[in-house]
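Asks: Assemble chain L onto chain U, guided by the hints.
In order, the protein sequence lines correspond to chains U and L.
Going by the working numbering, the first sequence opens with residue 1, and the numbers climb by one from there.
Going by the working numbering, the second sequence opens with residue 289, and the numbers climb by one from there.
Calculated directly from the structure, the hints in this document are not laboratory data.
Any given hint could turn out to be false.
List of simulated lysine to any residue pairs, SDA-like, C-alpha gap at most 20 angstroms [said to hold, decoys possible]:
id: 1; chain 1: L; residue 1: K290; chain 2: U; residue 2: P205
id: 2; chain 1: U; residue 1: K271; chain 2: L; residue 2: K291
id: 3; chain 1: L; residue 1: K291; chain 2: U; residue 2: Q76
id: 4; chain 1: U; residue 1: K247; chain 2: L; residue 2: K523
id: 5; chain 1: U; residue 1: K247; chain 2: L; residue 2: L318
id: 6; chain 1: L; residue 1: K290; chain 2: U; residue 2: L263
id: 7; chain 1: U; residue 1: K247; chain 2: L; residue 2: S317
id: 8; chain 1: L; residue 1: K313; chain 2: U; residue 2: F75
id: 9; chain 1: L; residue 1: K313; chain 2: U; residue 2: Q76
id: 10; chain 1: L; residue 1: K351; chain 2: L; residue 2: Q461
id: 11; chain 1: L; residue 1: K290; chain 2: U; residue 2: L274
id: 12; chain 1: U; residue 1: K247; chain 2: L; residue 2: S635
id: 13; chain 1: L; residue 1: K313; chain 2: L; residue 2: Y600
id: 14; chain 1: U; residue 1: K247; chain 2: L; residue 2: S637
id: 15; chain 1: U; residue 1: K247; chain 2: L; residue 2: Y314
id: 16; chain 1: L; residue 1: K523; chain 2: L; residue 2: G582
Okay, here's what each chain looks like letter by letter:
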Amino acid sequence: MKKRIQCRVFYLILCAVAFLTLIPFLFLLLCSFLPVEQAQAAFSGIGGSEGIHSIEHLSLIPSPVSVDQYGYILFQNPEMLYYFWNSIALALPSTVGTVLVSAMSGYGIAKFRFRGRGLLYFLYVLVMLLPPQITLVSSYIFFSGMGLLGNRLTIILPCVFAPFGAFLMVQFLEGVPDHTLEAGRLDGVGEWGLFWRIVLPQIRPGLASLAMLSLIECWNMIEQPLVLLHSETLYPLSVAFQYVGEKEIGIAFASAVFFMIPLLLLFGMVKEHLIAGISHMTPAKLKP
Amino acid sequence: MKKLAAALLAFFLVAAVCTGISQNKYYESLPLVSVQEAVPGNLREHLETEARVELDYVESDLKAPCALSGVEILVSQGETVEAGEPVFRVSPDDFYIYERQLRLEILEYERQVASSDETEEGRLRAEIAAHQLEQSQKKLTDLEMILQNDGTVTAPSDGTVISCISNGSAAAQGQAVVQMRSYGETAVLCWSLPDDQAAYFAPGDTVSAPLTVWSDQADVPIAKRSYFDLTISRKYYKETENMVRFETELTPELLGGALAMMNGERVTLLADYVSENEYQRILPLDAVVFDSEGSGFLYQLDTRSRVFGQEYYAVPIAVQIEGKTREYVAVSSIPEKPVILDAKSLSGSTEQAVRLR
Numbered sequence: 001m002k003k004r005i006q007c008r009v010f011y012l013i014l015c016a017v018a019f020l021t022l023i024p025f026l027f028l029l030l031c032s033f034l035p036v037e038q039a040q041a042a043f044s045g046i047g048g049s050e051g052i053h054s055i056e057h058l059s060l061i062p063s064p065v066s067v068d069q070y071g072y073i074l075f076q077n078p079e080m081l082y083y084f085w086n087s088i089a090l091a092l093p094s095t096v097g098t099v100l101v102s103a104m105s106g107y108g109i110a111k112f113r114f115r116g117r118g119l120l121y122f123l124y125v126l127v128m129l130l131p132p133q134i135t136l137v138s139s140y141i142f143f144s145g146m147g148l149l150g151n152r153l154t155i156i157l158p159c160v161f162a163p164f165g166a167f168l169m170v171q172f173l174e175g176v177p178d179h180t181l182e183a184g185r186l187d188g189v190g191e192w193g194l195f196w197r198i199v200l201p202q203i204r205p206g207l208a209s210l211a212m213l214s215l216i217e218c219w220n221m222i223e224q225p226l227v228l229l230h231s232e233t234l235y236p237l238s239v240a241f242q243y244v245g246e247k248e249i250g251i252a253f254a255s256a257v258f259f260m261i262p263l264l265l266l267f268g269m270v271k272e273h274l275i276a277g278i279s280h281m282t283p284a285k286l287k288p
Numbered sequence: 289m290k291k292l293a294a295a296l297l298a299f300f301l302v303a304a305v306c307t308g309i310s311q312n313k314y315y316e317s318l319p320l321v322s323v324q325e326a327v328p329g330n331l332r333e334h335l336e337t338e339a340r341v342e343l344d345y346v347e348s349d350l351k352a353p354c355a356l357s358g359v360e361i362l363v364s365q366g367e368t369v370e371a372g373e374p375v376f377r378v379s380p381d382d383f384y385i386y387e388r389q390l391r392l393e394i395l396e397y398e399r400q401v402a403s404s405d406e407t408e409e410g411r412l413r414a415e416i417a418a419h420q421l422e423q424s425q426k427k428l429t430d431l432e433m434i435l436q437n438d439g440t441v442t443a444p445s446d447g448t449v450i451s452c453i454s455n456g457s458a459a460a461q462g463q464a465v466v467q468m469r470s471y472g473e474t475a476v477l478c479w480s481l482p483d484d485q486a487a488y489f490a491p492g493d494t495v496s497a498p499l500t501v502w503s504d505q506a507d508v509p510i511a512k513r514s515y516f517d518l519t520i521s522r523k524y525y526k527e528t529e530n531m532v533r534f535e536t537e538l539t540p541e542l543l544g545g546a547l548a549m550m551n552g553e554r555v556t557l558l559a560d561y562v563s564e565n566e567y568q569r570i571l572p573l574d575a576v577v578f579d580s581e582g583s584g585f586l587y588q589l590d591t592r593s594r595v596f597g598q599e600y601y602a603v604p605i606a607v608q609i610e611g612k613t614r615e616y617v618a619v620s621s622i623p624e625k626p627v628i629l630d631a632k633s634l635s636g637s638t639e640q641a642v643r644l645r
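The shape of chain U in the complex, shown without the other chains (with noise of 0.2 angstroms):
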């Protein structure tokens, strides 16, 4: 009887931290539904001397409830729009490529034995250690001498050739059992025949898990599109974000929705590939 106790008070601690959590999202969500002029009213006096006192009074539940801000981001004003298609523009190159070169990178790294591979390897999780803003300066001046800056190439090489995506893959491909890979070349099949016919069917959650991580990567990339990209028309929406001021806070918390909704959308569909991916990842003994 304890025990059970116990237990249903750590699940209430447990659910007030997961609220806890969420309380960001549902702020968000809540906010969006105020009337253009009230959020504007609302929160304009946030940046200024009052600081989070202006929004002492505002009532969480939106009354009256308006979809004001969704119609002007989806009718009035296509700014927010094309920032958000900037963002696809960007994310959706990247997560292709990223999951195509990782995935034979990771096939050569984990099925071939060649000089030099231990340290090929070593060398991509080195790479993997240092953190996108470590190397951003020499991304610029190597961008900068190709005569890149300006372009979304700029974003989407370095995120197609991450060594993160490797890495994950050889993790994926080292369970692949190789004898699957002699029987295919007993049966006549080529390398390319392997790769597409019998080892990726095999490592779709591994895909799956990659896509998934590589898409919130680059959705949410601030520091590399601010640096490299030095047109405000070709910002995506993660960066467009930051200059939200009054004029545009009216219209911020749709916006910010709306920008969520591909990536919820897209989690849902892959969520039980991604879990098995990430559970993949997980040591054995951790795992339940």
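Replies: Then chain L, alone, in the frame of chain U:
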């Protein structure tokens, strides 16, 4: 999973459609502008104003030599008459007493001249009498001429009737019955401009004017409208009106033949001022906005890449004004990009999207 994929697809579809709708709406709301390259050249000023033709003239009045009753006026106001042409007529009976008075005066003056002595006083009296005698003889000659024409008075020279008494009315001795103005051969086209505009023009500059020319070669004057390039001959300041007056001479030679122009005729004057300095960049004045301190800035057209294509936008740039007229401005230090002409339709000093006409 399929439902979520369908929802995701629907989401993107909605986003694309909404982008199209809002983009169209947004595009329609953008200010419509025209652009022009800033090119090297001179400052130009096109001026359109009203000028007047002034002919040189002599005024002459035909006065009643004596009290006249029932004057018959044979001309009308504004009519052009030639020398010897009848102007008005009176009854010869009106001159009966006047003629005799003149003859009597002549006899009196002749006697005074003849009876003068050798003294200084006598000599002066004789000189006065001789002068008066001459005047009276001239009046008598004129009167005899009138009487020979049955009381008709003719114009002494070519001219235009500027006023006359009403037909059939009486006139006192010495009263002007008909006032005439005789014109010379040269004419002057004159116009005035406010001080600031007048600075653009100087003697020697050329202006263009449409003039009505009355040819005196044909029996019936033929009016024709032509444009002439005329050179400003004179410029002087009119203190009373704070204006500057310009004059240009109109001569028959200049206008290509003999002519008789109507005095006071109004014509439209088209002047084209071109500065001597050639500036690096000239723009219409509409392209520049001046702030309260007189500093100018303009909007330069640029393009930027949007997700769905190129977008035009205006970039405000402060410029140094080197010179200006009412129509053009010379500026320096702007890049080699087209400049937006409708600067006043844009507001603020931030970059803003525009539509091209």
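Asks: Next step is simple, just say for each hint if it's right about the structure.
Replies: Here is how each hint holds up against the structure:
no., hint, verdict
1, K290/L <-> P205/U, "17 angstroms, holds"
2, K271/U <-> K291/L, "14 angstroms, holds"
3, K291/L <-> Q76/U, "30 angstroms, violated"
4, K247/U <-> K523/L, "58 angstroms, violated"
5, K247/U <-> L318/L, "18 angstroms, holds"
6, K290/L <-> L263/U, "16 angstroms, holds"
7, K247/U <-> S317/L, "18 angstroms, holds"
8, K313/L <-> F75/U, "8 angstroms, holds"
9, K313/L <-> Q76/U, "7 angstroms, holds"
10, K351/L <-> Q461/L, "8 angstroms, holds"
11, K290/L <-> L274/U, "17 angstroms, holds"
12, K247/U <-> S635/L, "17 angstroms, holds"
13, K313/L <-> Y600/L, "16 angstroms, holds"
14, K247/U <-> S637/L, "17 angstroms, holds"
15, K247/U <-> Y314/L, "17 angstroms, holds"
16, K523/L <-> G582/L, "30 angstroms, violated"
Against the hints set out earlier in the document, violations occur for numbers 3, 4, 16.
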